[in-house]
Amino acid sequence: MSAQEIVFDNVSKFYGDVLGVNRIELRIPPGLTSIVGPNGAGKSTLMNLMCGLIHPDRGEIRVLGIPPRDPERLMRITGYATQFDAAPRWATGFDFVVSSLLLFGYSSSMAERLAWAALEQAGLTDAARRKVNSYSKGMRQRVRLAQALAHDPQVLVLDEPLNGLDPVVRAETIALFRQLAASGRHVVISSHVLQEVDVISDRVVLMANGMIVAEGDIRGVREEIHEHPSQFLIRCRQPARLASLLFERAPVVEARLMEGDGALLVLTRDRGEFTRILTRLASEGLGIDSIVPADENVHALYEYLVGGSA
Amino acid sequence: MTARFRMRQALVIARLELKRVFLARRSLWIYGLAMLPAVLFFVHALQLRYELGRARQGGVVAPGVLESIETGMSEQQVLALAGAPGQDRERTIHRSSRREEGGKEIFESREVRTRRMVYFDGSRRAFLWFEDGRLRSKDVRPVLNFAEDREVYAGVFQYFYLRLAIFFGCLGIFLNLFRGEMMDKTLHFWLLAPARREVLLAGKFLAGWAAASVVFTGGAMLAFAAMLWPHAGAGAEAYWQGAGAMHAARYALAALMGCAGYGSLFLAASLWIRNPIVPAAVLLLWEASSGFLPELLQKLSVLYYLQSLCPVPAPMEADVPTLLKLLLAPAAPLPPWLAVAGLSAFSALVLWAAAAGARRIEINYSTD
Numbered sequence: 009m010s011a012q013e014i015v016f017d018n019v020s021k022f023y024g025d026v027l028g029v030n031r032i033e034l035r036i037p038p039g040l041t042s043i044v045g046p047n048g049a050g051k052s053t054l055m056n057l058m059c060g061l062i063h064p065d066r067g068e069i070r071v072l073g074i075p076p077r078d079p080e081r082l083m084r085i086t087g088y089a090t091q092f093d094a095a096p097r098w099a100t101g102f103d104f105v106v107s108s109l110l111l112f113g114y115s116s117s118m119a120e121r122l123a124w125a126a127l128e129q130a131g132l133t134d135a136a137r138r139k140v141n142s143y144s145k146g147m148r149q150r151v152r153l154a155q156a157l158a159h160d161p162q163v164l165v166l167d168e169p170l171n172g173l174d175p176v177v178r179a180e181t182i183a184l185f186r187q188l189a190a191s192g193r194h195v196v197i198s199s200h201v202l203q204e205v206d207v208i209s210d211r212v213v214l215m216a217n218g219m220i221v222a223e224g225d226i227r228g229v230r231e232e233i234h235e236h237p238s239q240f241l242i243r244c245r246q247p248a249r250l251a252s253l254l255f256e257r258a259p260v261v262e263a264r265l266m267e268g269d270g271a272l273l274v275l276t277r278d279r280g281e282f283t284r285i286l287t288r289l290a291s292e293g294l295g296i297d298s299i300v301p302a303d304e305n306v307h308a309l310y311e312y313l314v315g316g317s318a
Numbered sequence: 266m267t268a269r270f271r272m273r274q275a276l277v278i279a280r281l282e283l284k285r286v287f288l289a290r291r292s293l294w295i296y297g298l299a300m301l302p303a304v305l306f307f308v309h310a311l312q313l314r315y316e317l318g319r320a321r322q323g324g325v326v327a328p329g330v331l332e333s334i335e336t337g338m339s340e341q342q343v344l345a346l347a348g349a350p351g352q353d354r355e356r357t358i359h360r361s362s363r364r365e366e367g368g369k370e371i372f373e374s375r376e377v378r379t380r381r382m383v384y385f386d387g388s389r390r391a392f393l394w395f396e397d398g399r400l401r402s403k404d405v406r407p408v409l410n411f412a413e414d415r416e417v418y419a420g421v422f423q424y425f426y427l428r429l430a431i432f433f434g435c436l437g438i439f440l441n442l443f444r445g446e447m448m449d450k451t452l453h454f455w456l457l458a459p460a461r462r463e464v465l466l467a468g469k470f471l472a473g474w475a476a477a478s479v480v481f482t483g484g485a486m487l488a489f490a491a492m493l494w495p496h497a498g499a500g501a502e503a504y505w506q507g508a509g510a511m512h513a514a515r516y517a518l519a520a521l522m523g524c525a526g527y528g529s530l531f532l533a534a535s536l537w538i539r540n541p542i543v544p545a546a547v548l549l550l551w552e553a554s555s556g557f558l559p560e561l562l563q564k565l566s567v568l569y570y571l572q573s574l575c576p577v578p579a580p581m582e583a584d585v586p587t588l589l590k591l592l593l594a595p596a597a598p599l600p601p602w603l604a605v606a607g608l609s610a611f612s613a614l615v616l617w618a619a620a621a622g623a624r625r626i627e628i629n630y631s632t633d
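Chains as they are written, first to last, in the working numbering: chain V, 9 to 318; chain W, 266 to 633.
Please keep in mind that the hints were generated in silico from the structure rather than gathered at the bench.
Please read these numbers as outputs of a predicted model, since none were measured by experiment.
For lysine-lysine, the following DSS-like pairs were computed, each having C-alpha atoms within a straight-line distance of at most 30 Å:
{"no.": "1", "chain 1": "V", "residue 1": "Lys145", "chain 2": "W", "residue 2": "Lys284"}
{"no.": "2", "chain 1": "V", "residue 1": "Lys145", "chain 2": "W", "residue 2": "Lys450"}
{"no.": "3", "chain 1": "V", "residue 1": "Lys139", "chain 2": "W", "residue 2": "Lys450"}
{"no.": "4", "chain 1": "W", "residue 1": "Lys284", "chain 2": "V", "residue 2": "Lys139"}
{"no.": "5", "chain 1": "W", "residue 1": "Lys284", "chain 2": "W", "residue 2": "Lys450"}
Partial pick of chain W residues on the chain V-facing surface, computed with a CB cut under 10 Å:
{"no.": "6", "residue": "Phe270"}
{"no.": "7", "residue": "Val277"}
{"no.": "8", "residue": "Leu281"}
{"no.": "9", "residue": "Asp449"}
{"no.": "10", "residue": "Lys450"}
{"no.": "11", "residue": "Thr451"}
{"no.": "12", "residue": "Val464"}
{"no.": "13", "residue": "Arg625"}
{"no.": "14", "residue": "Ile628"}
{"no.": "15", "residue": "Tyr630"}
So these bits of chain W aren't anywhere near chain V, every CB distance computed over 12 Å:
{"no.": "16", "residue": "Trp294"}
{"no.": "17", "residue": "Gln322"}
{"no.": "18", "residue": "Arg360"}
{"no.": "19", "residue": "Ser361"}
{"no.": "20", "residue": "Asp397"}
{"no.": "21", "residue": "Gly398"}
{"no.": "22", "residue": "Glu416"}
{"no.": "23", "residue": "Tyr424"}
{"no.": "24", "residue": "Gly556"}
{"no.": "25", "residue": "Lys564"}
For each residue, glycine too, the CB sits at the ideal point set by N, CA and C.
From just these sequences and the hints, can you work out the full model?
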């Protein structure tokens with residue numbers, strides 16, 4: 009198993025009779041990887057397995073070569089911001105981060121220095137001396153992020169890290185993820201809000217019902233499922249005529265007129281041939297204003313893959 | 266990682282956990298339980314000191330004087346012997362009598378002059394009752410009874426602290442170390458630390474032990490001090506310089522070892538069994554019935570070792586049924602050093618089993 013990757017080798021986890029994840033085969037290289045799926049898809053289970061909070065019933069996991077049953081080594085290189093919202097009642101944000109750093113063997117002064125740096129990265133220095141249980145949801149999210157970041161881990165696992173963040177902080181946090189990923193770290197985030205990860209991820213892992221339904225970069229995933237029609241949104245002055253011409257000349261599976269806004273949604277099985285013919289039609293005076301691939305975001309892919317259940 | 270580093274980690278965990286254990290609202294009843302005997306002994310001490318103060322106000326006679334007063338003496342003789350009494354009250358009562366005369370019942374009533382004098386010799390009070398100038402009865406009662414108070418303390422320690430307070434207090438403290446955090450949904454913070462589960466277990470056990478020991482050893486020692494307080498003076502000083510300090514140390518040791526023994530058992534139970542009431546009830550039953558078991562099996566009860574550490578046997582009335590005597594008295598107590606070693610080994614063994622439970626822990630808040 010590679011010491012540079014996070015590897016899931018045929019991993020299954022059941023909660024009694026309930027399926028958590030099933031037969032997961034996955035290799036996560038450095039960079040920003042998003043695990044995407046609806047609630048109950050198995051994203052948090054996958055992350056909890058990765059960090060040793062739960063143990064697989066079958067299969068094997070290695071995080072950069074370290075098994076999750078060895079927290080002493082694993083958590084030295086891993087930071088995990090879970091989705092669990094509870095925090096110790098006694099702790100201020102600062103104490104919360106410092107206390108976790110003390111367990112790494114840092115001296116108090118070093119732990120305090122690192123904690124301030126992490127709280128600054130998470131944009132939480134102003135509220136650092138307040139009790140965590142007085143924080144808003146977004147602040148609690150950030151203090152967990154600060155705790156996960158504080159020891160400068162090689163692997164950062166973040167369960168729904170953008171939940172509850174306001175737009176400005178969200179943009180800053182995303183920039184931070186990109187920066188960490190660009191520095192060669194493994195940044196693994198989960199989300200069920202598909203649009204928020206498709207623009208920032210190097211790779212996506214799409215999950216449904218405890219299984220991986222697709223993985224890779226977004227375009228790569230799309231190509232992996234080439235048998236499924238590609239989707240284009242075409243804006244033009246004569247959408248009905250264009251639809252008829254496309255059915256006549258191009259490998260079109262379906263064309264749908266979008267009422268009221270002069271647009272046509274087209275599905276084709278042969279993307280290359282379709283775009284070649286469409287280019288020719290554009291020169292025939294149909295008044296085509298724009299052609300936008302409508303399925304190169306995760307949401308569209310996800311709908312294809314799980315049959316529109318997202 | 267070196268053993269030294271792991272030990273430091275365990276100490277850091279213990280330090281952080283102590284805050285949580287001490288500040289937890291669910292621990293409040295434990296403080297009440299631990300301090301209850303100290304409060305009762307303190308109230309008793311206050312009452313004794315008040316009585317002593319009152320008795321001293323009337324003057325103190327030499328202890329031998331009380332012995333020399335005998336029934337039949339006249340008031341003047343007693344006053345000449347003992348001087349003015351601390352309390353003196355005279356009154357006249359009417360006493361009726363019945364006699365038969367010539368087959369008739371005759372009722373008579375006559376006046377009797379009574380006098381009640383109270384003398385105090387520093388530790389005892391003598392209540393003297395005179396009728397028509399003669400001493401009819403003498404009742405000497407100790408205000409302070411050090412031997413009795415020590416016996417009462419021994420009973421409170423064995424029956425209340427060991428069998429009740431430490432048992433249920435440790436149940437509350439140690440079950441919460443893991444299960445309480447599971448309920449608060451904060452256990453994952455510990456599991457995500459770069460520490461072995463055994464180190465986490467050791468840290469949490471140390472925190473629980475420190476908290477329980479401070480509460481219960483502190484409570485027992487406060488009660489001991491409150492028991493000694495009214496006897497401050499020659500009696501208590503002699504006791505303290507003789508066996509007293511050693512008695513206090515052994516009570517403290519028994520409380521410490523009780524917290525370790527019961528603590529390790531409840532910690533292990535919280536890691537292996539979901540419903541803590543079941544193991545608590547089984548353990549309570551086992552501990553209570555260990556007197557009936559063969560000696561070898563008795564050694565598997567925490568109480569056996571703790572009773573061996575107690576310096577004074579718990580008082581037991583002569584008319585206590587044999588069956589109950591079996592329950593309350595340990596068979597052939599061990600020497601203290603062996604009791605400490607045995608209980609330490611027992612706790613270590615239980616913690617070793619608990620470590621296996623700690624390695625199995627999974628975070629699944631929805632089902633806990």
